[in-house]
Amino acid sequence: MLGNTSSEDTTAGARPGRRALILVENLSVPFDRRVWQECTTLRDAGWDVHVICPRGEKRDTEAEAEIDEVRIHRYPLRAATGGPAGYLREYGSALWHTARLARKVGPVHVVHACNPPDLLFLAARWLRRRGARFVFDQHDLVPELYLSRFDRGEDLLYRAVCALERRTYRAADVVLATNESYRNVAIRRGGIRPEDVFVVRSAPQVDRFQPVPPEPELKRGKPHLLCYLGVMGPQDGVDYALRSLAKLRDEFGRDDWHAVFVGAGDAYDAMVELSRQLGLSDQVQFTGRIPDADLVRYLSTADVCLSPDPRNPLNDVSTMNKVLEYMAMGRPIVSFDLREARVSAGDAAVYAPANDEAEFAKLIALLLDDPERRARMGKIGQERISGQLSWRNSQESLLAAYAAACAQVGGRTIER
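Residue 35 in the working numbering sits at position 35 of the sequence shown; the count goes up by one each step and never skips.
Treat the hints with care, since some could be wrong.
[Said to hold, decoys possible] Derived pair list, reagent style DSSO-like, types lysine-lysine, alpha-carbon separation capped at 27 Å:
#, residue 1, residue 2
1, 222, 362
2, 219, 379
3, 362, 219
4, 247, 219
5, 222, 379
6, 104, 58
7, 222, 247
8, 362, 247
9, 379, 362
Source of the hints: derived by calculation from the structure; they are not laboratory data. All figures in this text were calculated on a predicted structure; none of them were measured in a lab.
Could you put the whole structure together from the sequences, leaning on the hints where they help?
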């Protein structure tokens, strides 16, 4: 259990050595698992780590907290509604609060900004003027995210997000990329030197994903359980999964399954309504966000896990956390055929042609009928997570990136 105590004096007791400030807008910390793993890796390497992030709604609600020697400063943030204009309001508020809290933290050796949005370099400018090196942690390709989410084409706002991405790349001393596809974008589109781009893959916390005995009652009287875990936004493909399940029932005559969708997002209500329209309400369960213990129960019981992200400019080159988490739990996966999905899952998944819902349904049926293949695929996934995709490799790359950033300034000290 993580210790969590309020800390109004956020500089008291800081260990001697280098100070890092991590800026996050998309999620609260430590709920953002990737950022939390980065925090603890840096802490263990002797860094004094501060984080600025939004407050959570049900967890991470304190304005100030110190957790496992990481100091967290949180601000109130209302999530965007109403399309691009809503995101402009959200990002403007986040930028103001981030700049305010960054001044409170004071000068640091490294300021580490996690996108989206590609605006945080603006909040980091005051720290950079005082000698901080700037690490850009590119969680998403925002131009591709804009194209995939809003279906507005390369309009004025698209050109604006491209310009902000260029400004962020230009400001960065080093870039952290989540996979080789993102690294190639940083080099090709961002003009970053190859030696200044480090691949720091996201990886599940293995201690969080430990299988437990399956619970047949979670299948609601059916022989099989299907599971989806993740965010439910317009680009995440939950609608593709639901239409595939309708085809599994109607075209393949299979009603021997119960499906559970774990997670939340701004498309959640629309997905519940789509499930009702497709006549799936009796077989599909939406849980919202649930505690880790319940998540592990569902995944331990699942026969097949779903990764229905459709091919679009973002998804094809992005690493999906849910795929890695399914693999850590030893679950076989049905996915659409995306470039980075194959890099992550390999033979731990089967792949339907991109966006082909009938083939997606066919592959679910195929795996439901082949328990031996499911077991082999699950074992392959666990071996990949404990080997080439483990966080140990990402830790080495993260620390190498920080060493490279700091080497650019030698033994300089920061202003106090």
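Evaluation of the provided hints:
The suggested pairing of residue 222 with residue 362 holds, with an alpha-carbon distance near 19 Å, which does not exceed 27 Å. This hinted pair checks out: residue 219 and residue 379 have alpha carbons roughly 22 Å apart, not beyond 27 Å. Taken as a hint, the residue 362 and residue 219 pair is honoured in the structure, with Cα atoms around 20 Å apart against an allowance of 27 Å. The straight-line distance between the Cα atoms of residue 247 and residue 219 is roughly 20 Å, inside the 27 Å bound, and the hint therefore holds.
Distance restraint check for residue 222 and residue 379: the Cα-Cα separation of roughly 24 Å lies within the 27 Å cut-off, and the hinted pair is therefore satisfied. For a cut-off of 27 Å, the pair hint linking residue 104 to residue 58 stands: about 25 Å separates their Cα positions. Taken as a hint, the residue 222 and residue 247 pair is honoured in the structure, with Cα atoms around 18 Å apart against an allowance of 27 Å. Taking the CA atoms of residue 362 and residue 247, the gap is about 9 Å. The hint holds against a cut of 27 Å.
Between residue 379 and residue 362, the direct Cα distance comes to roughly 22 Å. Compliance with the 27 Å bound is thereby established for this hinted pair.
Of the hints listed earlier, there is not a single one the structure fails to meet.
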